[in-house]
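**Student:** Going down the list, the sequences are from chains B and P.
Numbered per the UniProt record's numbering, the first sequence finishes at 346, counting up by one with no gaps.
Numbered per the UniProt record's numbering, the second sequence finishes at 346, counting up by one with no gaps.
Heads up, a few of these hints could be off.
[Claimed, not checked] To give a feel for the contact side, a few chain B residues facing chain P, derived at Cβ under 8 Å:
#1 D49
#2 A51
#3 L60
#4 C103
#5 E117
#6 V135
#7 T139
#8 D148
#9 G200
#10 Q253
#11 R255
#12 A256
#13 V259
[Claimed, not checked] Chain B regions said to be covered by chain P (calculated; three or more residues, Cβ under 8 Å):
#14 28–36
#15 91–97
Note that these hints are calculated values from the structure, not bench results.
The beta-carbon is built from N, C-alpha and C at its ideal position, and this holds for glycine as well.
Protein chains: 2
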Amino acid sequence: MLSWTCPAPLRDQPRVVMGHGGGGAMSAELVEQIFTPAFGGPGPSGLTDSAAVEIGGARLAFSTDSFVVRPLFFPGGSIGDLAVNGTVNDLAMSGARAAYLSCGFILEEGVAIDVVERVARAMGAAARTAGVEVVTGDTKVVESGHGDGVFINTSGIGLIPPGVDLRPERVVPGDVVIVSGAVGVHGVAIMSVREGLEFGVEIESDCAPLGGLVEAMLAVTPDLHVLRDPTRGGLAASLNEIASASGTGIVVQERAVPVPPPVANACAVLGLDPMYVANEGKLVAFVPRAHAEQVLAAMRAHPLGADAVMIGEVVDAHPGMVVARTALGGTRVVDLPLGEQLPRIC
Amino acid sequence: MLSWTCPAPLRDQPRVVMGHGGGGAMSAELVEQIFTPAFGGPGPSGLTDSAAVEIGGARLAFSTDSFVVRPLFFPGGSIGDLAVNGTVNDLAMSGARAAYLSCGFILEEGVAIDVVERVARAMGAAARTAGVEVVTGDTKVVESGHGDGVFINTSGIGLIPPGVDLRPERVVPGDVVIVSGAVGVHGVAIMSVREGLEFGVEIESDCAPLGGLVEAMLAVTPDLHVLRDPTRGGLAASLNEIASASGTGIVVQERAVPVPPPVANACAVLGLDPMYVANEGKLVAFVPRAHAEQVLAAMRAHPLGADAVMIGEVVDAHPGMVVARTALGGTRVVDLPLGEQLPRIC
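So here's chain B without its partners, still in its complex pose (with noise of 0.2 Å):
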């Protein structure tokens, strides 16, 4: 909660840190404080992961990252696959189909033309899986000891459909909090690799595009809240970012949290809380209770929302606040994580 209630710690913090690229309050207090008054844009909201903008009597989402996992290839998929299903995504929580992508390669002199070209058919491959069109590129190279490999930028555009607006501003209370899918997996695919940790089973990274099943939710009613996917900072932080900009209270039944038994040990032995660890294959969705059932069957006829399941509601009380009643019957406070437990996982 630190970015909403204390007094600019950034002045404190000369430096940048890995913190600040984390999704947590690190990284909205750079945005606050920094970029948002720089740019002189539409306030603390607008310079979000999607914007929705007017061009030409066209509605379109529009949306930009960087990628800079490490390792570039992990269980699951790749640098490549991240960087058109991050894209991707964060175009589908506008509601919007992705058209167009954009590639901004920064290469490190010496990294593999092979490894280049593996990254390179990786993108294509998830384009073609996500029906979206790499229509322009940009390629810069930093001497070696400069850069790290491989980063990539996509950014891509597609289009809002009428009577859509995804926003969290819209979140009311008695609205219903549904994920679509097991939470935690992509981080702790990346985690294991990266550590050389073994579990007894491989965990895949669920890096998959979500276009589809957002078409599927939308088909039942346009009238969906708010959709995240959360990556960074994981569940944790996607809910606390909807409290914070809706000023309402959401309240998480613990217990419904769907985690794999997996990627639950690998937690446990790393100290790691599922709730915020990153994921790149899933949705949360703030559904209207007359719609929600609806929904939810849409969604568990895909593919992609099979394990979807109700997760919590949106309160009166406390409002701004994320709260879990755990399995024992207590509640605990859901913070908003200030950096991120596991840098570069995207």
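Using the hints, position chain P against chain B.
**Tutor:** Using the frame of chain B, we list chain P on its own:
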């Protein structure tokens, strides 16, 4: 001419070298041999600096660029100015007025927050000057030693006006080649500060947004054939790319190419050819002869085109080749540069 005539030298070069980011033949090889096949795109001309796409009934230009310039601040600008103007100009070369930008930062752990703030402020100021809005962003942080202070990607979208269709394929013999002003300035400005060289006068980067100048030109006639901002690889790379894509020959009057004396002197000292040095606020236009005088007059009436001049013409002879007529009456071939004389100038 290497990339257009020789068999696949990329395969003999198993690792990325600086030249792959130089905007010359090696960059083209990377795109043609790795990225275009991997992305399964629309062929060799598909992955351009700026793509024209249809979405929701609107015809948009969509472009991306990453910026890795060293140093971050230089006479006449900063990486922030480049990041905004570079993408604004790529869109302008499609005839589009930039409307919205995205901004992706990759920060190195340990960089001063003050530096990030100065860069962001420069971006904000440049965006206001160019009349474009930064609407979506992303920040990643990499460990100290795995980045280089600040890398920025910007992507942008803008509306292409009806009747405007700027493509090298439209170039025909008889077209007049016009540059909007002095060439070689940005590259020499970066080089002088990076190498601590002094040339009597400080040479400032020409970094500027070209959307207004392009609008003034299109107001004369929407029937311009192609526009390019000769950045990496300089005027030589832009002219070669157009000659190759259009299958025409280009003849340049060497004496007509405007090179300010301080830039000419610096190039002489450094062994650089101003035709190959990057610009960041200049454009080269291919204009039907019938409109050339009027377009030139419109350019000269604009502050960023005050020194515009005709430098050559398109011919039937030597298709795909650029030839310069020298001051002494001879001719020389102006090759596509292989890599870049001066890496990381943008």
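**Student:** Next, verify each hint and record whether it holds.
**Tutor:** Each hint, compared with the structure:
no., hint, verdict
1, D49, "holds (7 Å)"
2, A51, "holds (4 Å)"
3, L60, "holds (7 Å)"
4, C103, "holds (7 Å)"
5, E117, "holds (5 Å)"
6, V135, "holds (4 Å)"
7, T139, "holds (6 Å)"
8, D148, "holds (4 Å)"
9, G200, "violated (30 Å)"
10, Q253, "violated (32 Å)"
11, R255, "violated (34 Å)"
12, A256, "violated (31 Å)"
13, V259, "violated (26 Å)"
14, 28–36, "holds (count 4)"
15, 91–97, "violated (count 0)"
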